[in-house]
Each structure stands twice: as structure tokens, then as C-alpha cells.
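Trainee: Chain by chain, the residues:
2 protein chains.
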Amino acid sequence: MNDTFLKACRGEKTDYTPVWFMRQAGRYLPEYQKVRSKVDFLTLCKTPELAAEVTIQPVDILGVDAAILFSDILIPLEAMGMKLEFSESKGPVLYNPIRDDAAVSRLKKIKPEEDVPFVMDTIKILRKELEKKVPLIGFSGAPFTLATYMIEGGSSKNFLNTKKMMFQSPELYGKLMKKIVNTVISYLSSQIAAGAQAVQIFDSWAGILAPDDYKEFELPYVKKIVSSLKKQHPETPVIYFANNCAGIIKDVKKSGADVVGVDWRIDIADAIKRLGKKAAVQGNLDPCALFSSGEELEKKIQDILIKAENAKGHIFNLGHGILPETPVKNAIAAVEAVHKYSKRG
Amino acid sequence: MNDTFLKACRGEKTDYTPVWFMRQAGRYLPEYQKVRSKVDFLTLCKTPELAAEVTIQPVDILGVDAAILFSDILIPLEAMGMKLEFSESKGPVLYNPIRDDAAVSRLKKIKPEEDVPFVMDTIKILRKELEKKVPLIGFSGAPFTLATYMIEGGSSKNFLNTKKMMFQSPELYGKLMKKIVNTVISYLSSQIAAGAQAVQIFDSWAGILAPDDYKEFELPYVKKIVSSLKKQHPETPVIYFANNCAGIIKDVKKSGADVVGVDWRIDIADAIKRLGKKAAVQGNLDPCALFSSGEELEKKIQDILIKAENAKGHIFNLGHGILPETPVKNAIAAVEAVHKYSKRG
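Each protein sequence line maps, in turn, to chains A and B. Quick note: the working numbering has the first sequence finishing at residue 587, numbered continuously throughout. Quick note: the working numbering has the second sequence finishing at residue 587, numbered continuously throughout.
Just so you know, the hints here were simulated from the structure itself, not pulled from any lab data. Be aware that a few hints might be false.
Calculated pairs, DSSO-like style, for lysine-lysine (alpha carbon to alpha carbon, straight line, at most 30 Å) [unchecked claim]:
#1 B:K496 x A:K495
#2 B:K515 x A:K457
#3 B:K406 x A:K406
#4 B:K399 x A:K495
#5 B:K541 x A:K495
#6 A:K571 x B:K406
#7 A:K549 x B:K406
#8 B:K406 x A:K582
#9 A:K492 x B:K549
#10 A:K417 x B:K399
#11 A:K554 x B:K515
Label pairs and their calculated CB-CB ranges [claimed, not checked]:
#12 A:K374 x B:E330: 55 to 63 Å
#13 B:G536 x A:I574: 52 to 60 Å
#14 A:F328 x B:G416: 40 to 48 Å
#15 B:E355 x A:N552: 52 to 60 Å
Idealized CB from N, CA, C, for every residue including glycine.
Between the sequences and the hints, there should be enough to build the whole structure, so can you do that?
Mentor: So, in C-alpha cells, the structure goes:
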């Protein structure tokens with residue numbers, strides 16, 4: 243197996259910089275669309291054979307150095323008792339958003355093996371099929387990010403309900419976050435037990451918090467998750483991706499994660515300076531850069547590789563999920579360029 | 243006239259910290275809604291008596307230390323030849339978005355006094371009515387922010403068309419930006435000539451650029467505008483608000499603006515450390531904090547005031563526009579708290 247990705251996560255020397263793309267299993271791939279055309283999104287997540295198939299597609303098509311489980315961060319919220327739907331027009335909808343103590347109290351403790359068996363089954367299939375290929379990354383949403391969906395009932399523009407709960411009912415918010423933390427810990431722990439060789443915590447909305455609020459209302463919960471995982475599975479790298487992190491990076495680094503994933507709105511050299519030798523770094527090409535090709539794309543990639551030379555470890559990635567309109571040939575060229583220009587020795 | 247705001251812009255000592263709120267003339271005020279119920283948004287912008295009326299409302303109701311012209315950043319684009327509409331569902335729509343050389347070539351040079359006379363007339367009315375009250379701020383969109391609307395044809399999620407032009411046709415992008423820069427310079431210069439006592443450049447979308455791209459594709463154009471304005475009107479403070487600026491603040495400070503406005507996703511103490519004595523700072527309470535009241539709201543305000551004590555100058559503001567759902571009484575309490583806790587012996 244190509245273990246370059248795992249080595250880089252641990253800050254060990256590698257022959258070249260490993261690369262994978264967030265949302266690499268997705269709509270930009272005709273092969274994905276073919277599978278997706280037969281079933282709706284949630285069914286795809288819940289059918290292990292199909293979820294495994296689309297997980298592997300980018301490994302074969304792009305030549306990336308890691309696979310990431312095909313799923314959605316909202317899946318465990320269903321297991322906690324919320325009703326989840328994906329609407330073509332509105333995106334994810336969680337019915338009966340959590341706004342009071344009774345709603346928080348009703349949330350169930352999850353047993354991943356029983357409540358989301360399809361996730362564990364997908365992982366088991368994948369470990370077999372990826373055996374001679376690349377490592378498998380499991381994932382979960384970060385507690386604050388999951389809380390926003392639970393409180394808002396879906397996507398949001400200003401996250402007003404979430405912030406109202408944070409500011410006006412901090413105890414209720416804390417009670418909710420505790421339940422989410424327990425969910426995330428057991429969810430990720432089960433994924434590792436099932437075969438995930440690294441896990442990523444997606445904090446898609448961390449960057450909408452003022453730095454003092456991030457420190458108070460998210461960081462302690464992320465730390466709790468990371469430390470619990472590291473205690474149970476000391477060898478499994480934990481990646482923490484905090485989106486729009488430029489204003490909070492000095493606190494993000496306190497998460498305890500082995501790898502900090504950064505978005506494209508921070509200079510990766512700045513991020514590395516702030517992280518020091520605390521964590522390896524993952525990132526951070528603007529997903530829109532994949533609409534460029536040739537020299538122009540290569541130059542952008544080289545810039546990042548050069549800036550990241552002194553990182554504790556560097557995993558090349560986009561600064562956010564790959565866009566559905568992305569030309570596949572440019573994504574392939576990007577992977578090749580990362581490998582070519584980072585070759586050492 | 244209460245000139246506390248102008249003094250703070252210039253970095254002079256003030257008896258207390260001046261405060262105003264972005265979008266302070268707006269939907270959260272029943273008095274605004276009453277005026278707006280009679281006319282559509284664009285008509286309101288283009289009717290000097292009404293635009294002046296809503297501009298003054300927050301001065302009287304909240305007790306803020308500055309008024310800002312009621313208008314919209316897209317107004318001058320109409321004068322350049324684009325067809326503009328505000329749709330209740332989709333927000334602003336610019337027909338025939340700019341995608342090629344012919345479209346850029348067709349854009350007209352504007353003569354603000356002839357093309358947008360209603361803006362100058364509004365300013366003239368306001369200067370008379372505000373004579374014994376507070377200074378008047380004029381404004382414009384920043385060149386990149388205006389370019390995104392022109393290229394995308396409205397609001398956008400990923401700004402893909404804009405970035406495609408930037409990355410793939412940098413010459414065309416440069417040609418467009420040159421035209422926008424000329425528009426912004428003459429537009430703001432005319433506003434100052436008509437009576438605006440300070441001007442703010444709104445860079446709502448600066449923060450979606452990677453730092454290197456900001457440096458290449460926006461900063462030089464902002465610098466050009468600021469230096470031209472400072473040459474023509476050396477006494478008039480220029481405020482540059484770069485939204486989501488945490489990753490680009492070290493370049494934002496090179497804009498030459500007297501005041502840098504920062505959003506809430508950067509710690510204002512960090513911003514001030516980066517700005518040094520180059521510029522005064524404006525900001526940066528999370529607009530969602532105005533849903534808190536009493537001690538909780540006061541504490542958030544005090545935190546910012548304390549952090550900003552060593553700034554070259556500090557104008558208190560929100561980190562983004564006031565939200566339509568904001569309780570007016572909390573906005574009034576916030577202004578009072580800023581004045582009370584910043585009072586200097």
C-alpha cells in the first residue's frame with residue numbers, strides 16, 4: 243500500500259508530497275454521476291457497495307494518495323433522532339430544529355455499529371478493495387458545525403439561531419455540544435475500529451465565529467474529541483479542517499490534531515509559521531484554480547509546495563471541496579503536478 | 243457639529259469612541275420600512291428627499307456619530323451602461339454580465355454629476371440637514387467587489403466566472419478593473435465635492451481571494467483609488483472596509499486608507515497589531531451580538547473597546563451590516579454602551 247499520506251500525517255519524511263481532494267468523490271466525475279443517477283443522495287450514502295464504488299473512483303481516475311469515505315456529515319444526526327432530508331433546491335433539511343432543553347434531552351446516544359451499520363460496512367468493503375492501493379480516511383463533522391445544522395435546521399446565512407443559543411443560553415448550548423461530542427467520539431472511534439486509517443473532522447463553519455467565541459464555544463469540544471481519539475487509537479492520525487481559519491489559526495493549533503487542514507484564504511506559509519512543529523498542514527489550493535490548466539495551474543501548485551517545504555508535514559489538498567463544474571483533466575493534471583514538483587532526492 | 247468621528251479617522255484624540263453601524267439605515271427600523279413600503283428599493287435610492295430621510299433616521303433614533311449616505315454599491319454600474327434590477331427573491335441582477343473584451347469596451351466613462359445626479363442631490367440635502375448633527379460618509383464598492391457583480395451578473399457562491407477571468411484572461415480583467423477604478427475615483431471625488439466628509443470603500447468580497455491573488459488582483463487598484471482621492475482631497479478621510487480580512491490584513495494595510503474597517507472574524511487586537519500606526523481601525527462587533535442585551539451585550543462591547551485602546555484611532559462599528567431582524571432597542575443600547583464605556587476623563 244502507498245503509505246505516503248499516513249507518513250506525512252505523522253510528520254515523517256516522504257518521497258513526495260501526498261495529495262487528495264476534499265469531495266474528490268463527487269459530481270464533477272461522470273462516473274459518479276452515473277451511479278448517482280440510479281439512487282438519491284441518502285440512498286447512495288446508505289448502500290455500502292455503491293458508497294464504496296464512488297469512494298474508489300477518484301483513486302483510480304485521479305491517482306490521489308488517499309481515499310475518503312463517501313458519506314455526509316449529517317448522517318449521525320439521523321441516528322441521534324433527527325429527521326434528515328436532502329432537497330435538490332434547499333440542500334439538507336433537518337426537521338424540528340433543536341431550540342430548547344426538551345429537544346436537546348430527546349437526542350439519543352448513538353451506537354454506530356447498530357445505528358449506522360452501513361457506514362461500518364462501507365469501510366470494511368473499502369479496506370479490502372483498497373488493500374494494495376491507498377489508505378482510507380473516515381470523517382465526521384466538527385461539533386460546532388453539526389450544532390449549526392441541528393439548531394438552524396439546515397444551511398444558514400447568518401447562523402442567528404445558533405448564535406442566539408450560544409450567547410443567550412450558554413448552558414443549553416453546552417448540553418447540546420456535550421451530546422454531539424459523545425456522538426462524534428463514538429462515531430469516529432467505530433470508523434477506526436472498522437478500518438479507517440485516519441480521520442478528518444470537518445469544521446465547515448468554524449470560520450463564522452469571532453475568535454473569542456471560537457475559543458469558548460468550539461475549541462474545548464474539538465480538543466475533547468481529539469484527545470479521546472488519541473487515547474483510544476494513538477496510531478491513527480486525526481486531521482482537523484477548520485474552514486476560513488485565518489482569524490482563528492492560533493487557537494486551531496491547540497486542537498491537538500496531528501494535521502491541520504487550512505482553506506485557501508490564508509497564505510499556507512503564514513499557517514505553517516503559526517502551527518510551528520505542532521501539526522502537519524493540509525491544503526490549500528483555491529478550488530477555482532482547477533479551472534486553470536497547463537503552466538498556470540502548475541505555477542499555483544509549485545507556489546504552495548515551495549511555501550510548505552518547512553512544514554512538519556504537508557498533505558496537498560484544495561482549500562475547500564472540489565467544485566462540481568471542475569474539468570476532470572485539470573484535477574488529474576493537478577495530482578500529477580503535485581507528485582512531479584514535490585519529488586525529493 | 244459632533245466631529246468625534248472625523249477626529250478618530252485622523253487618529254486625533256477624542257473624548258469617547260465614536261460609533262456607527264454599517265447598514266444603519268435599513269430594514270430593522272420600522273421608520274425605514276414605512277418609507278420603503280411606498281417605493282421600491284431603486285426608487286428609494288434615486289429619490290433624494292427619501293434617501294436623505296432614511297439616511298438621517300438612525301442618527302436621530304440610535305444616536306450614532308456619523309451618517310452614511312443611503313444608496314447601493316451597484317448604482318454607478320448602471321451609469322456605466324449595465325442594466326440593474328433588484329429582485330426580492332434573487333437580490334441584485336445585472337443583465338448581460340461582462341465576460342469578453344467587447345463587453346468591457348462598451349462600458350462607459352461616468353460623469354457622476356450628470357449620470358447619477360440624485361446621489362449628489364441627496365448629499366447636498368443631507369449636509370444641510372446634518373449641519374448641527376454629525377458628519378456624512380459617502381461610499382463606493384471596491385473595484386474587485388464591483389467586478390464580481392459585473393462578471394457574475396449578481397451575487398455568487400464561488401465567484402467562478404470572476405476567477406476564471408482573473409486567472410485565464412488577466413489582461414481582460416486588468417482592462418475591466420481600470421475602467422472600474424476610474425469610475426470609483428470620479429464617483430467618490432464627486433461625492434466629496436458635493437459634501438461627503440469621509441468616504442468608505444466597501445470590499446465585501448475581498449476575503450474570498452487567496453492572499454496572493456488579493457495582492458495581485460485587488461490591492462493595486464485600491465491603492466490607486468486611495469492615492470488619487472488623497473491627492474485631490476487630502477483632508478477627507480478614506481475608510482477601506484475589507485470583509486473577511488483575517489488572511490489579507492497585512493496587505494490591506496498597504497492600501498493607504500486612513501481607516502481600515504475589519505469584520506468580526508479577526509480579533510481586533512490582532513488587526514491593530516498588524517496595522518500598527520499606519521491606519522485607524524473600525525469595527526468589529528459580530529452583528530449577531532446585537533441580539534443580546536444588558537450585561538452580555540455590554541461585556542462584548544467593553545472587550546472590543548479595551549482591545550482597541552492602543553489603536554491609532556478607533557471607530558466602533560459592527561463587523562458587517564446590521565441584520566434586518568435586529569431589535570432596535572439593542573442597537574440603541576449598544577451605541578449608549580460604546581459612549582459610556584469609552585468616555586475618557
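Trainee: Determine for every hint whether it applies to the structure shown.
Mentor: Status of the hints after comparison with the structure:
A hinted pair counts as satisfied when its Cα atoms are at most 30 Å apart, and B:K496 with A:K495 qualifies at roughly 28 Å. At roughly 20 Å between alpha-carbon atoms, B:K515 and A:K457 fall within 30 Å of each other, so this suggested pair holds. For the hint pairing B:K406 with A:K406, the CA-to-CA distance comes to about 38 Å; that exceeds 30 Å, so the pair is violated. With a C-alpha separation of about 28 Å, the suggested pairing of B:K399 with A:K495 holds against the 30 Å cut-off.
Annotation: proposed proximity of B:K541 to A:K495 holds, straight-line Cα distance about 27 Å (limit 30 Å). For the given pair, A:K571 sits about 16 Å from B:K406 by alpha-carbon distance, which is consistent with the 30 Å threshold. Using a Cα cut-off of 30 Å, the hinted pair A:K549 and B:K406 holds, with the two alpha carbons roughly 24 Å apart. A threshold of 30 Å between alpha carbons decides the hint, and for B:K406 with A:K582 the separation of about 25 Å falls inside it, so the pair holds.
A C-alpha spacing of about 17 Å is found between A:K492 and B:K549, which places the hinted pair at or below 30 Å, so the restraint holds. For the given pair, A:K417 sits about 33 Å from B:K399 by alpha-carbon distance, which is inconsistent with the 30 Å threshold. Restraint check for A:K554 and B:K515: satisfied, since their Cα atoms lie roughly 27 Å apart, inside the 30 Å limit. Checking the proposed 55 to 63 Å range against A:K374 and B:E330 shows it holds: the Cβ atoms sit about 57 Å from each other.
Between B:G536 and A:I574, the C-beta spacing of about 58 Å keeps the proposed range 52 to 60 Å intact. The hinted window of 40 to 48 Å between A:F328 and B:G416 holds, with their beta carbons roughly 42 Å apart. A hinted range of 52 to 60 Å for the beta carbons of B:E355 and A:N552 is consistent with their spacing of about 56 Å.
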